[in-house]
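Q: Sequence:
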Amino acid sequence: MYEKTVDEVINYAQCKNPQESQRTTVNIPLSQEIALKDLQDRYRRSAFCVMRYVVQHGFTIFEHENKDILKQIKELRKTLRHSKNSIIPAYLFLLKVETGKDNSSGSVKKTLIGDRNIISAIQDCSNELNINFSSFIQVLIDYSLSTSRDKNLSEIQLRASKNKLEFQKKINDILDVLIRLENGENKDETEDNINIENLLEEDDEDEK
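According to this note's numbering, the sequence shown holds residues 3 to 210 in order.
Hints were generated in silico from the structure; no laboratory data involved.
Check each hint, because a few of them may be wrong.
Using 20 Å as the maximum straight-line C-alpha spacing, the simulated PhoX-like pairs for lysine-lysine come out as follows [what the hints assert, rightly or not]:
(1) Lys69 with Lys153
(2) Lys73 with Lys172
(3) Lys172 with Lys6
(4) Lys69 with Lys80
(5) Lys73 with Lys39
(6) Lys76 with Lys18
(7) Lys73 with Lys171
(8) Lys76 with Lys153
(9) Lys153 with Lys171
(10) Lys164 with Lys76
Model the full assembly from the supplied sequences, consistent with the hints where possible.
A: Written out as structure tokens, the structure is:
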């Protein structure tokens, strides 16, 4: 599925609910809601169907493109869990802050009904990265929308692609920090290292 565009995925979607489904509610930016509504109207699919397949498509792409990185992050966090646990969550928390900032135009609540196993896998991945579930769903929607080739969605596709690249950079930054910690580097002793506490304080100020 990761090789298909979101347009192809929705066009050929089989919209029957999975036998073992799970329902959850998430918040997404209004800009994403508009994009989903466009797909819904264009391909005459239900809101539930579009939401399910876009999220599933985005997760498939995310896993495919980040398979090795996710494996490394998981292994490094496991290795560092006891000795560095106070540092790792502080840095990973930045993902929660960053992924929640695309709400200047407002946000809406969306119901996601998906295959229980897929929803569970998404939840496990968000927990592993320490990302708020709704924020991670927003990321997955961007991963899917970034593949659109529809001219009517060009502006949305560009925004989604930009958000995707920013998130990819954040994941690479996390991996870099964990590798430095494993190598025994102290963030206070390295000038070019990220000052975690200051970044968190700056983000807190931005949200006020």
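Q: Provide an ascending list of the numbers of those earlier hints which the structure does not satisfy.
A: 1, 3, 5, 6, 8, 9 and 10
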